[in-house]
Amino acid sequence: MIPRSAGRADQDFFIVARDIKYAYEGGIEALKGVNLRIKRGEFIAIVGGNGSGKTTLAKNLNGLLRPTSGAVDVAGMPAAKMTVAELARFVGYAFQNPDHQLFSGTVDEEVRFGPKNLGMIESEVAKQAEHAIALMGLQGFRSAQPLSLTLGIRRKVSIASVIAMDPQVILLDEPTTGLDAGETTDLFGCIRALNEEGHTLILITHDMRLVAEHAKRVLVMAGGRIVLDSDPAGVFSDLEILKSSKLEPPPVTLLAHRLAESRIPKDTATPEQLVDRIVALAGGRR
Amino acid sequence: MTGFVDLYTEGNTFLHQMDPRVKILAVIFLSALALIIGNLYYLLVLLAAILLLLAFGRATLSKTFFALKLVLRVMVLIVILWPFFNPTGSPVLFHYGIIKITEPGIIHGITVAVRIACLASVWYILMFTTTQRDLVRALVKMGLRFDFGLTLSIALRFLPTFGAMVESIEDAQRARGMEFDKGSLLKRSRNYVAVLVPTIVSALRTADMLSLALQSRAYGARKDRTYLRDLRMRPTDYAALALFALTIALPAFAKYVLQVHI
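Protein sequences appear in the order of chains A and B.
Sequential numbering from 0 applies to the first sequence in numbering that gives the first Met the number 0.
Sequential numbering from 0 applies to the second sequence in numbering that gives the first Met the number 0.
It is worth saying that the hints were derived from the structure and are not from the lab.
Some hints could be false.
[To be verified] Reference listing, derived: stretches of chain B covered by chain A, where coverage requires no fewer than 3 residues with Cβ under 8 Å from a Cβ of chain A:
1. 156-169
2. 172-181
3. 195-203
[What the hints assert, rightly or not] In silico DSS-like cross-links for lysine-lysine, where the CA-CA straight-line distance does not exceed 30 Å:
4. A:K115 with B:K181
5. B:K186 with A:K126
6. A:K115 with B:K186
7. A:K58 with B:K186
8. B:K186 with A:K80
9. A:K58 with B:K181
Where is the CB? At the ideal position from N, CA and C, for every residue including glycine.
Chain A on its own, in the form it takes in the complex:
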C-alpha cells in the first residue's frame, strides 16, 4: 500500500514532470521535453491543435504511457515505481469517449467499479460512490442503465466513476465534445464544484471560451512542447502564439484587440470583463 500523502514535495507540488520526452512506437516524438509543476487545487487547461501532444502529456501523468526519458513524480513519489492502478488513486482520467468506459448494468454499479478495484472497504465504496453521484447531479439515474442515457449524462457518469476513486487530480479529456450549450454549462457547474472541493483539475480542450471562463492557468502546447504557461490573461493578450498554435481566441478577445486603441485591455476574455471595462472607461459604475 502507498500512503495517501507522503514526502515533502507533496506540500509544494503534487505533480512534477522533469524534461519528459515520449516517442510512439512508429518513432513519432509526441513530447519533446516537457517541464511541468502542478500544485494541489489548481484549475489548468491544456490547449493546442490536434497532434500537439495534449493527450500524450496527460497519459504520461497517470502512467498509461511511460516517458521515454525524463521523470514524473506524483504525490512526492516517482510515478515510474507505481502501476497504473496505484497511480489511479492520485490521478483520475476521464476519457473523451464515455462509451469506452461504461459497461455496468446500473449507474450505481458503474460508479462503484473504480473504488472496488482500489480495494476500498464496502462502507468507503458506498460513501465515495454516493458523493460522486451527488457531485455530478446523477441522483435520479442511480438504477438507470448507463448505456441507455444521453451523451451528456453518459459523460457525467464516466466522470463520476473516476471521482469515486477520490483522486487528488482529475484529468478531463475534451469533456464537452458533442454536448450542447445547456449540457456544457451544466457539466461545468459540476466541474467547478469539484475544483472548489480541493481537487486539482486538468482540462484538455479546444474550446477557448471554456478556458477563458473557468481555467486559472493555461498551458499552450505546440509540436510536443509547452510554448506558453500562464494565466488566461497572459494567453489571450498574445494573439500571435494562439494563432501559431492553431487556436482561435474567443470573439470577445478579438473584439477587445480591435478596441485596444480605445484603451480596452487586450487580455479581455469574457463578456462580463468587456462590459466592466467599457463601463469603467466611460466613467460609470455597473
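Fit chain B to the known structure of chain A by using the hints.
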C-alpha cells in the same frame, strides 16, 4: 496489429501489376499442383520455383520470415513426428517395442512439410503483392455478390480501427484501477467483461453509423453497378494465365490420363 492483418508490401514488380484475378487463379493452380505431386524431388522443384517468384516480387527475407514463422514451426513438428505415427514400408531403420521408424515414413514426413511450405508461400505471394481492395474487387468481378465483397472489405478495413478501439478501452479501464494480470483466472475473466461490453457496444454504434453512411450515399439504389476503376486484362495477363494453366494441366494430364507417377 496492422502489419499482422495486412501483409501487402508496396512494390512495382510484374507480380504487383498482374491482374488480381490471374493471381488468384494462379495461386489456386499452384496449390492444386502442390497437392497432386507425390514425389519429394518434384515438390522441391516446385518450392524452388515459388521461392523464385517471391524473389521476383522483391519480398524481403525478414518480412517473409515474419509471415511464415508459424508455418515453419508446424513444418518442423511434422518432420519430427510424422515418422513415429506413419511407420509404413521398408527398410525399417529403428525398431524398439512399439516404436518403429521406416525410411519411407521419414521421406513422407518431409514431403508433407515441403507441401505445406509450397502452399503457404504461394498464398503469401498473393497476399503481399495484392492490396486488400484489389483482392475484393477481383472476387466481385469473378462472381462474388457485391454486398458480400463490400462486407469483406469493410471487415478488413475496420480491423486496425477495432484494434485501436480495444486499446483505448483497456486504457480507460486501467485508469479506473483495473488490473488485467492480477487475481485468479475467474476474477480476470470477470474483469474482462469491463472491456468486452464497451467493445461490443462501440462496435455496434459504429456499425449503425456506417450503415446510415452507406445508405446516405445511395448504397443499393441500383442492382447493376458501374465501377470507377474497372479491372481489365492486358495481353500479358492472358499470357500469364495461360502459362499457369499449363503448369497444372500438363502434370494433371500426365498423372490421371497417362498414369505417370509424379
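How the hints compare with the structure:
By the rule of at least three residues with a Cβ nearer than 8 Å to a Cβ of chain A, the coverage given for the region 156-169 of chain B holds, with 3 such residues. Given a C-beta distance limit of less than 8 Å, the hint that chain A covers the region 172-181 of chain B holds, as 7 residues qualify and 3 suffice. With a threshold of 8 Å between beta carbons, the proposed coverage of the region 195-203 of chain B by chain A holds, since 5 of its residues qualify and at least three are required. Only pairs whose Cα atoms come within 30 Å are accepted, and K115 (chain A) paired with K181 (chain B) is accepted, the gap being roughly 14 Å.
Note on K186 (chain B) and K126 (chain A): the hinted pairing holds, with a Cα-Cα distance of about 24 Å set against a maximum of 30 Å. Proximity of K115 (chain A) to K186 (chain B) is assessed by CA-CA distance (about 13 Å); at most 30 Å being required, the pair is judged to hold. For the hint pairing K58 (chain A) with K186 (chain B), the CA-to-CA distance comes to about 26 Å; that is within 30 Å, so the pair holds. Taken as a hint, the K186 (chain B) and K80 (chain A) pair is honoured in the structure, with Cα atoms around 25 Å apart against an allowance of 30 Å.
Using a Cα cut-off of 30 Å, the hinted pair K58 (chain A) and K181 (chain B) holds, with the two alpha carbons roughly 22 Å apart.
Of the hints listed earlier, there is not a single one the structure fails to meet.
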